[in-house]
Amino acid sequence: MNNIKKYLILVFITLTGISCDQDSFFELERPNQFPWSNVSEFELGVREPYYLQNKDPWYHPFGTIALKNFTESDIAVFIPQFVGASSSADYYNRKFSNAACINEMEGAFSQLYLMITACNGPLQLLADAEEAGEDPFPSMTSLEKDKIDQFKGELLFMRGLSYWYLVRMYAPPYNPNGTNDGRYFTLRREFVNSSEELKNTTLGSVAEVYDAIEEDWTEAKQLLFEDNTSVVNELNVRARANKFAASAMLMRLYFIKGEYSKAEAECDYIINSGSSMYDLTEDPIEAFNKNGADGWGKEVIWQTACDEVSGAYGRMESIFSRNHYARDAQSSWSSQAMSYSSMIQVGWMDENHAETEEARNDKRYTQLYYRYEVDPRSDLVPPLVWSYKYFRAADARRSNRPLIRLAEVYLTRAIIRYNNNDKSGAASDLNKVRGRAGLNDISAEDITAEDIHNERIKELATENGDRTYYLIGLQLPIGIGDRDATKFSAIQPPYSEYYWQVPQSERDQNQAYNN
Amino acid sequence: MKFVESIRRDGISKFTPENRWATFASGSAGWIISEEDFFKSEAISMLKLRGSYGQTGNTNIPSGITSDYYSVRTSSTLGIPSTEFISVGNSDIKWETTSTLDFGVDYGLFNNRINGSLAYYVQSVKDMLLAVALPYSAGISGGNIIWQNVGDMENRGVEFNVDANILNGDFKWDLGFNISYNKNKIKALDPDSDANNVGITQMEADEDQVITIFKTGLPLGNWYMAESAGVDPERGIPMIYEVQVNDDGTTSHTGNIIPATSDNLANNRMILDGKTSLPKFVGGFNSSFAYKNFDVAMNFSFAAGNYIYNRLLQSTLTPNRGVRALSNKLLTEAWQNPGDNAKWPRVVMNVQHYYDDEGNATEDPVTYGTEEKFISSMYLEKGDYLKLKNLTVGYTLPVRIATKMKMQSMRVALSATNLFTLTKFSGYDPEVGVNQTTGASLVSYSSIPQARTYSLGLNINF
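As they're listed, the protein sequences go chains A and B. Going by my numbering, the first residue of the first sequence is number 34, and it counts up by one from there. Going by my numbering, the first residue of the second sequence is number 985, and it counts up by one from there.
It cannot be assumed that every hint is accurate.
Using C-beta positions, here's what the derived DEER-type ranges look like [unchecked claim]:
id: 1; chain 1: A; residue 1: Ile46; chain 2: B; residue 2: Ala1435; range: 32 to 42 Å
id: 2; chain 1: A; residue 1: Glu230; chain 2: B; residue 2: Asn1251; range: 19 to 29 Å
id: 3; chain 1: B; residue 1: Ile1017; chain 2: A; residue 2: Asn547; range: 56 to 66 Å
id: 4; chain 1: B; residue 1: Pro1303; chain 2: A; residue 2: Leu509; range: 37 to 47 Å
id: 5; chain 1: B; residue 1: Pro1303; chain 2: A; residue 2: Ile318; range: 39 to 49 Å
id: 6; chain 1: B; residue 1: Tyr1429; chain 2: A; residue 2: Asp327; range: 52 to 62 Å
id: 7; chain 1: B; residue 1: Pro1303; chain 2: A; residue 2: Ser70; range: 50 to 60 Å
id: 8; chain 1: B; residue 1: Tyr1429; chain 2: A; residue 2: Asn547; range: 28 to 38 Å
id: 9; chain 1: A; residue 1: Lys178; chain 2: B; residue 2: Asn1251; range: 50 to 60 Å
id: 10; chain 1: B; residue 1: Pro1303; chain 2: A; residue 2: Glu259; range: 46 to 56 Å
By construction, these hints were calculated from the structure, which means they are not laboratory data. Since the model is a prediction, treat every value here as computed from it, not as a measurement. Note that beta-carbon positions come from the ideal geometry of N, C-alpha and C, so glycine has one too.
Make the full structure from the sequences, and use the hints.
What follows is the structure in structure tokens.
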């Protein structure tokens, strides 16, 4: 009994001792801080926006912009029997801001802001350190300092890319002669974690968004390494941005804004300084038939990192190309092929829609396009030429997709040179691309703008929504293609109705839209 | 007369030190009148007046929500690891406190053969905890929400129950009944959410559509969507009521009926007056009989006054991509010819009709919402039900026979659960949970109804 009393007293004293200082018992110091404590951990934060860009099978942004812009353009035709899981009919019918923002347009919007937040977090850590006059991590070696430069460049590159996709889908195209003061979506370049700021955001004007992209990519270009092999921990290094990738995105930005001399300077830089890394010596297919870290085509400046081991690989290219994502065969939901008008225009079909000799002589046609005389799914579908650029590697679903190729840089410089009356320069660039496709040169005397436009269709159709981008960059009308001329007319510059609404739930939840 | 008081101080590590501790008081008083000398009644065997006040704290929130949270994606989902931003923290988050004041009478009649209670309560919830929806532009990979103390709410209600031992001879019969009525109202929201009369609109995580609204003066999780006006008999298209938003933030009909196109559905959403997923009445009754060695017991439950969004019905009535099963109602109840007063619109693929926002005929298809987004109350149904939850029929072997068989006792019982439900709700089961975030009840193809079970039991004691 005495023992029990002793124990009880002991327990009482112990409890009293502990309970005197309850707060320290519970206490966990938890100020908000970012999770990266050294340079290699920081790289995990750098990889996240790449992962998000590639993550969603049906809504990944680069697939969405390609699907939407190709389908809206004059070089696509829509086969309504095979409408798949998408808003393809609305794209083809050019509903734009009058259509409900659903499917890919809603999914990509959400995905792009995940990417932006994924960039803003690590960038905030760097900005905070800079403001405090400190290195972001203690005792960094010079290699680690180089890595931080590269990583910051990549984060800026990816943030700029996210806004680039947003501004090209959810706002009217940049008007070189206008004020561009319309405000369509949130522009946020800091890491924000208060509910007030997240629920009541600042909508950036089109001009502000373009300025932000330019600023991000300009700084990215300064920071990124030309050859990033030594500064990134990645087998598939071409999936990580380098200086040339940032330069190529600046080229696109300047071109679509009509700042052609700046765009040309970027082309010059890539072609001249990148000559040891990129060339057009390989067949066209070589950019499209690689898996994961197998390597990359010699013209590939940047590609997606399809290293997925889960099911989260992109599939939506099946909608606007021949291949099913899992096999080298017609997909059951392929619904957009090349329009007859575009095929006749580039000389790959005659007036009766028959295949031409010119087509058969073109390596791109034989390697990256696929003509069905009879569609295996239905004999009601007429003979069509399909894009055949996707899911072409041995493991089809995990094929890398090139997002920037050298051929585009040559073609962009060709049209800029042509418009500056540098016909021999233009012909020289154009013939680089033609020569790789196995075609004869076009002389400086004979070259026309049409030659360059057509070469670009053959080279870049379905990639990045290039066709509408190119026409907008040149302030040319976006023709109707095969659409019914009694219902459709060309979209004329400044294309002020050519954009999609942001999703309804963004309008509901973001008070900036109610103010 | 008796008084009981208590006071307690609770701390929880889910909150920051500043908001960690809270003090909760409670007290109760009771007066058993029937024990007083002056109380003389043959019929009333027990009468007690009681009242209580109690405070409790709700900490039913996830841990780790006071600060931002990242996690590492592993190589099982990604070839290369990366850090995912899971949630945004709120260091101001604090206890949600519920204070309940109730008054009641407990009674017993005829030697307590009939007994029960009647009570009235007022429950005030202060600093209500809610996972508030954020816009897509928040860009939070783990989900666009933030936990907040959004405001104050009040529940008022009445509870009544009675149990009666009606027969007590060879034939025994006990009967019980209980019912409660509850009405709730949001008393205040944080000033941010109350600004411009916007309120907080919430959406289902898997649906990406706003379906409920939290707003001062409204009940919790009021349904918020375009109000269906049925099917146009001439054109076979779904129609909705045109809505105007008044200066005070309320919504009302303009008197026009317009086609349920996606645009109209988005721009004519309405606070559906008083319609929520929380039942106004819930209760049940039970009855047990016994005659000699046979016994029968049954247990009913009911709920009334709530609304359920029947996503499954919508899905099976919407031929489009991804649908794997369609309802036969499309053959019998859908619009077919001009003049039909049909329950469901004309059967079309992908919810596309050839009439525009104003109802004019078009050559190109016009999208009338989708299965997942831009919905109307066409598929919002009353959730009232009466359900036989349990029925048991048993037989106990007479003791003398059991003894002969060398047993103390033996009982055979057949019991069944969820035998039948009386309801106008067209889904499988109107007994649906309420989502904590949206305050909404929603059934979809993945909602599994409660199982009906039969069991036969043999209970032998040696």
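Now for the hints, and whether the structure bears them out:
no., hint, result
1, A/Ile46 x B/Ala1435: 32 to 42 Å, "violated, 54 Å"
2, A/Glu230 x B/Asn1251: 19 to 29 Å, "holds, 27 Å"
3, B/Ile1017 x A/Asn547: 56 to 66 Å, "holds, 57 Å"
4, B/Pro1303 x A/Leu509: 37 to 47 Å, "holds, 41 Å"
5, B/Pro1303 x A/Ile318: 39 to 49 Å, "holds, 40 Å"
6, B/Tyr1429 x A/Asp327: 52 to 62 Å, "violated, 41 Å"
7, B/Pro1303 x A/Ser70: 50 to 60 Å, "holds, 54 Å"
8, B/Tyr1429 x A/Asn547: 28 to 38 Å, "holds, 34 Å"
9, A/Lys178 x B/Asn1251: 50 to 60 Å, "holds, 54 Å"
10, B/Pro1303 x A/Glu259: 46 to 56 Å, "holds, 55 Å"
Figure legend: structure checked against the earlier numbered hints; hints not met, in rising order: 1, 6.
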